[in-house]
Amino acid sequence: MASKVLIVGDGDAGTIMANKLRFHTDIKDVEITVVGNSKEHYFKPDGVHISFSMIDYKRSVKPTEFLFNYGVNYVRDEVTRIDVADKTVSTKSGRNLDYDYLIIATGDRFTPEDIPGYETDAKHFYDLPHALELQKEIKSFKGGKIVIGQASIPIMCPPAPYEFTFLLEEYLNFHGLKDKTEIHYIYPLNRVFTIPNVSDFVAKRMEERGIITHTLFNVESVDPKNKKIQSLEGESINYDLLVLIPPHRGQKVITDSGLADDSGYIDVDKYKLNYKDYDNVFAIGDATNLPVSKAGATAHFQSMYLSNRIASETSGNIYNELYEGDVACTTVTGYEKGVTLYFNYNKPPKAKFDSKLDYFLKWQSADTFFSSMVRGVA
Amino acid sequence: MDVKPDRVIDARGSYCPGPLMELIKAYKQAKVGEIISVYSTDAGTKKDAPAWISKSGQELVGVFDRNGYYEIVMKKVK
Numbered sequence: 001m002a003s004k005v006l007i008v009g010d011g012d013a014g015t016i017m018a019n020k021l022r023f024h025t026d027i028k029d030v031e032i033t034v035v036g037n038s039k040e041h042y043f044k045p046d047g048v049h050i051s052f053s054m055i056d057y058k059r060s061v062k063p064t065e066f067l068f069n070y071g072v073n074y075v076r077d078e079v080t081r082i083d084v085a086d087k088t089v090s091t092k093s094g095r096n097l098d099y100d101y102l103i104i105a106t107g108d109r110f111t112p113e114d115i116p117g118y119e120t121d122a123k124h125f126y127d128l129p130h131a132l133e134l135q136k137e138i139k140s141f142k143g144g145k146i147v148i149g150q151a152s153i154p155i156m157c158p159p160a161p162y163e164f165t166f167l168l169e170e171y172l173n174f175h176g177l178k179d180k181t182e183i184h185y186i187y188p189l190n191r192v193f194t195i196p197n198v199s200d201f202v203a204k205r206m207e208e209r210g211i212i213t214h215t216l217f218n219v220e221s222v223d224p225k226n227k228k229i230q231s232l233e234g235e236s237i238n239y240d241l242l243v244l245i246p247p248h249r250g251q252k253v254i255t256d257s258g259l260a261d262d263s264g265y266i267d268v269d270k271y272k273l274n275y276k277d278y279d280n281v282f283a284i285g286d287a288t289n290l291p292v293s294k295a296g297a298t299a300h301f302q303s304m305y306l307s308n309r310i311a312s313e314t315s316g317n318i319y320n321e322l323y324e325g326d327v328a329c330t331t332v333t334g335y336e337k338g339v340t341l342y343f344n345y346n347k348p349p350k351a352k353f354d355s356k357l358d359y360f361l362k363w364q365s366a367d368t369f370f371s372s373m374v375r376g377v378a
Numbered sequence: 001m002d003v004k005p006d007r008v009i010d011a012r013g014s015y016c017p018g019p020l021m022e023l024i025k026a027y028k029q030a031k032v033g034e035i036i037s038v039y040s041t042d043a044g045t046k047k048d049a050p051a052w053i054s055k056s057g058q059e060l061v062g063v064f065d066r067n068g069y070y071e072i073v074m075k076k077v078k
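Residue numbers (my numbering), protein chains in the order written: chain G, 1 to 378; chain P, 1 to 78.
Calculated directly from the structure, the hints in this document are not laboratory data.
Everything numeric in this text was worked out from a predicted model, so none of it was measured.
Accuracy of the hints is not assured; some may be wrong.
Unchecked claim - Among the chain G residues that face chain P by a calculated CB cut under 8 Å, a handful are:
no.: 1; residue: Leu189
no.: 2; residue: Asn190
no.: 3; residue: Thr194
no.: 4; residue: Asn218
no.: 5; residue: Leu232
no.: 6; residue: Glu233
no.: 7; residue: Gly234
no.: 8; residue: Pro291
no.: 9; residue: Leu357
no.: 10; residue: Leu361
Ideal Cβ positions, reconstructed from N, Cα and C, are used throughout, including at glycine.
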């Protein structure tokens, strides 16, 4: 009888995982089902470019159900409960799905409600509706004070706030607005990025471009009436335009199912990705509290590891490899400039120079993603 | 150290900025006057946590090298 693999979540992590596992296993041996409720799959890294009208958003969106390879069953439904003791996943429409292997890839969610005043005035580019709203704001911007940053840690795609900042500076220069604008960049730690090596690189670029930085700035509230942002540390900054990445937490279903830490994330073994003592329950992507970036690039490497492991185990072999925290991502550092970072648990990234080639790698990444990566080919 | 913490956060095994974020979370929940202690195996916490405590105007009670981990102790004063 075929082993049943159930993947909860149809975002980057769930889709890549399903398609990779399909490549590595025979339909007779492994039945793969994905359950999720997305109609469209949005390539989130394009949000930065969409904000500056640099690409047409239509290239960044594909219908979810067409992204699964032949032999992957897709169930469009909302998961309401995961019971790992009973090996059952329940859905809103009343389905009860069982499994031999469960992979939780539910991602995370925005919680703007955690910051008083946020929803009235703050803008961001982390989903398509907000990126399009920000696009309008930027098009009509005539100069003033822009504050950019993230409300708290962790967030998806940690480099995105600095990518946005660098592109904004180029945009203002190009449109003759730089002299009429102050750019302020805020960050929760006592540097401008989590990883010290990359932080030094980014801080140097920011200084060269006249971007004013405020570190150890954990956002406590937004005052839309007075156009002011307040930090937990007692600092406040006025703004004309506020671009603030909202706080994130894990999905509610993870908390409701008793699988979450107090931020809603799943605690998994950092080398094997399995949940607690369950050797058939795993979590990947943004749903975990692993000490790696929350990014599609992370989910990609985790899916490579886990698909190989499950393929090996379901065919009766022993798999001794470990996931070592690998992530590789290309980030924008300006117009026609980018940098590729590769790192894992033991090797921090080295950001030494930015190049045009890296920028074009990033520019092409939606096409690469939809044609090969999400299909499990790359 | 003879001060007894009101809250202890065991963030050992968690990497930067995890321990600092846990400390900030505990600070938000604590009342003025409470003493919070964070355990960390990440060397960066030794620098990051005192920097945050100082910037936010709280009191750094001490940074202690324990057996294989650090303990950073703060008092919420406002």
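Hints, one by one, checked against the model:
1. Of the supplied interface hints, the one on Leu189/G holds, with its beta-carbon coming within about 5 Å of a beta-carbon of chain P, less than 8 Å.
2. Satisfaction of the interface hint for Asn190/G is found here, the shortest Cβ-Cβ separation to chain P being roughly 4 Å, below the 8 Å cut-off.
3. For Thr194/G, the interface hint holds, the least distance from its beta-carbon to any beta-carbon of chain P being 6 Å, beneath 8 Å.
4. For Asn218/G, the interface hint holds, the least distance from its beta-carbon to any beta-carbon of chain P being 6 Å, beneath 8 Å.
5. Annotation: Leu232/G was flagged as interfacial toward chain P, and the flag holds, the nearest CB pair being 6 Å apart, inside 8 Å.
6. Checking Glu233/G against chain P: minimum C-beta separation of about 4 Å stays under 8 Å; hint holds.
7. For the restraint placing Gly234/G at the interface with chain P, the shortest Cβ-Cβ distance is roughly 6 Å, inside the 8 Å limit, so the hint holds.
8. The interface hint given for Pro291/G is met, as the beta carbon of that residue sits about 4 Å from the closest beta carbon of chain P, less than 8 Å.
9. Because the smallest distance between the Cβ of Leu357/G and any Cβ of chain P comes to about 31 Å, over 8 Å, the interface hint for this residue is violated.
10. Interface hint status for Leu361/G: violated, as the beta-carbon distance to the closest one in chain P is roughly 27 Å, over 8 Å.
Of the hints listed earlier, those the structure fails to meet are numbers 9, 10, in rising order.
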